[in-house]
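Student: Each chain, written out:
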Amino acid sequence: MLRCASVLMCLLHVLHTVLGAAISPKPIIINGTYINPELGKYHARLRTLARSCLEIRDKHGVTQDGMYILSTASGTYYQAFCDMSSAGGGWTLVASVHENNIRGKCTSGDRWSSQQGNDQHRPEGDGSWASTHTFGTAEGSTSDDYKNPGYYDISAQDVSVWHIPNDEQLSNWTSSAVLRYHTESGFLRDTGNLYHLFKKFPVRFGAGRCGSDVGAVSPVVFDTGDKDSTADLYGPSAGGEFESGFVTFRVFDSDRAAMAMCSGVRPTQCSPQHYCIGGGGYFPTSDQCGDFTALDRSHTHTGASRRLTESAVLLFYR
Amino acid sequence: MLRCASVLMCLLHVLHTVLGAAISPKPIIINGTYINPELGKYHARLRTLARSCLEIRDKHGVTQDGMYILSTASGTYYQAFCDMSSAGGGWTLVASVHENNIRGKCTSGDRWSSQQGNDQHRPEGDGSWASTHTFGTAEGSTSDDYKNPGYYDISAQDVSVWHIPNDEQLSNWTSSAVLRYHTESGFLRDTGNLYHLFKKFPVRFGAGRCGSDVGAVSPVVFDTGDKDSTADLYGPSAGGEFESGFVTFRVFDSDRAAMAMCSGVRPTQCSPQHYCIGGGGYFPTSDQCGDFTALDRSHTHTGASRRLTESAVLLFYR
Amino acid sequence: MLRCASVLMCLLHVLHTVLGAAISPKPIIINGTYINPELGKYHARLRTLARSCLEIRDKHGVTQDGMYILSTASGTYYQAFCDMSSAGGGWTLVASVHENNIRGKCTSGDRWSSQQGNDQHRPEGDGSWASTHTFGTAEGSTSDDYKNPGYYDISAQDVSVWHIPNDEQLSNWTSSAVLRYHTESGFLRDTGNLYHLFKKFPVRFGAGRCGSDVGAVSPVVFDTGDKDSTADLYGPSAGGEFESGFVTFRVFDSDRAAMAMCSGVRPTQCSPQHYCIGGGGYFPTSDQCGDFTALDRSHTHTGASRRLTESAVLLFYR
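Chains as they are written, first to last, in our numbering: chain S, 1109 to 1426; chain D, 1109 to 1426; chain H, 1109 to 1426.
One should not assume that every hint holds.
Any copy will do: because identical chains look the same in the list, a pair fits if it lies in one copy or spans two.
[What the hints assert, rightly or not] Below, computed lysine to any residue pairings styled on SDA-like, alpha-carbon distance capped at 25 Å:
1. K1213 x M1175
2. K1307 x G1294
3. K1149 x E1351
4. K1308 x N1274
5. K1307 x D1275
6. K1308 x R1415
7. K1308 x D1166
8. K1308 x Q1277
9. K1167 x C1318
10. K1308 x D1275
11. K1335 x E1418
12. K1149 x S1263
13. K1307 x R1211
14. K1213 x S1379
15. K1167 x H1151
16. K1307 x T1417
17. K1213 x R1159
18. K1307 x S1263
19. K1213 x N1301
20. K1213 x F1243
21. K1307 x R1414
22. K1167 x S1337
Honestly, the hints are just simulated from the structure, not real lab data.
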């Protein structure tokens, strides 16, 4: 006999029973009735519906890495990967930059620069850094470009960045990472996230000059690798052109070509095309146009290592 | 103590309590248990699951603009934006035509004409107007082409069309609109929706002739702008080639090239490439191939204004 | 008055009542309250949440074809079409190969070979056969390439293959099929699914030789058509180059170009480009590069019939 003090208490009894059973890992048979454990897992994930992984950690006490369901301010629902382990957790994967063809210069698949060729009439290229256009999936983010609604919707203070070998499956990401780091400076507090940062500091050819017009820079704390191993990932000659231990957003080269992100470093010279990625749609030196700009250079001298150029760059917010 | 007259009454008590609490805007603590308000909003949206925004308005009495969950006849679930305000509401956003590169002629991103170049062997181009192929998201529909399952699934009588500046966020659409209008003629009643209309009247080079083979035309009621402001959006010379205050679907130019939609106007001459959009995959004058055909023309004489060419065209059904 | 022997029994009463009402086809009014039938259908579909259509059949006893909700091991939710009718049912649609431009050779839309042109520096092409990159939708799978998370996530033993005319709507697939067959050999048992099979046997130029390096071959049981009608679908000359009544995965031609799948047949000669589809990104004979390789050849002699080249190839797992 179920007796409850009130409708609300009765409801809570029922909900606790449902959800308690639901997150159990094995099938449950109650009086001959099968309770679907997959549905239980779904309800457990849905129960923590929030605007970000940080909210899921803070409001719902979740500490397990994995896929969760999030909502934008406008009420668009989407699935995202939450890193609940690194540096306290609460990190939402919002994007990845994947180079599908290092020899293709602003061709199909170069969504973070331009898929329309090098073109001086399109100085912002495809504009993905500052748009609400989304693409890809979390589970496919090491095999293709990825951008979810969290990129423009979540209010964040810091970023975490993972370099994961191309085509690596989600369950192996942490163990196979080439480089992982995060910021603790709260450098995104002013703008709120990268979408707004790049609205303010456009990734557009000619919008600024090398040195004087950097969008944002922050020191980083390494989770996999360190300053030296990061420098080694870029080419032997490139080492003298940057300082390791930072992440930098929106820079220009000496030709006024714009790049979106220098992962793990901050430029001290004016040839960021050898270690910065993403970009506008026009590079006066046309073979630099592309998601991974001129990181390849046949993997010699100024070129980055294959470990770096054959890894996707995953972006998290917190 | 919860006592109910029957299982059904008890269930209704419980559901009312859950859903009543769920749509409350602030967190709810009951006997120390936190009820997630985001989950509540989700349940409120899910509760009105239907085939179209019109059904949500009519059957569930919803009057708030926003994202809702819809289902196709086959049971595919998707999220769509509902305009519940304009002219009585009940409008489902099903598609947007976004020009990512006005200088690119049937290149990548020209999903509403052809992404394979101007090609006489592909007279229908990519065929998006009459296929079940979908792409994009509602929140990204001013930054990229958009087409959801509602485009082919919903039974509609009328359309509403919004011209919204590129990259504008959903919350600003109405206030920033360049042009908005809707039909009240029920011109879609015969075919059911644009998917079926374009099956009957293909957007295919050579399938008809200027003047005699128009797919459909309807007068419109303006919600933002009027006949004159609409004519002004197209170039000064184009004004003599159409009558403002209509929307037209599937027309041909004098070369027998096909275009899908003339927004706000109906052609009276045979050069619709200056004010009609979408198209087949072949234009004898090759620089007209593209989602926005020849609307640019350097923004002079026959060219449309930048306000028009730099806005996405959002299509709603009711 | 609701009285239950325990919380669990009470819960089951409530759930049975909710779900029982939910799957009813017509609106239900209980004491003046409207219960949404679309929401009921959604709950009925959600109730069978599982890793594959086979699980839905086996664990939940479902026998109706249609769209269902599935989950990957990592907890990504997606919608898939289940064929619950053919040969006992339990088949999950995981992919389709759609040729959007038979004349385009490794151009935009050739996701199962390469969208970057014929390129000896990209011997695996876009790599879709062995990646977690997904695209398209079930309802759009006859109008565009399709690949869902089930392709890499589901543990399968057999495949079913349907050739469905381009742009055919889901409700007509079975009746309009050009060719349908399935395997019963359990040939996928070793690798688990095609994703893992192609990891082991890469679709890469130069990775093997004609004849000696076939990835997998299995006899098939025909559901629509037979050995002769299958042979007829390929060109009159091609008939002498294969044996009908099989499905083959990963083959090479005499130039060492790689192809992913020979549908309905197994090669006995070394010109599989006339009847095998999908491929790496490099073909020494460049006009063979593309999702449908050289199946067209102007539809003469070695060319396949238009019925075949204008149909999408749908891939199911069980």
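Student: Which earlier hints turn out false for this structure, listed by number in ascending order?
Tutor: Hint check: 1, 3, 7, 9, 17, 19 and 22 fail, others pass.
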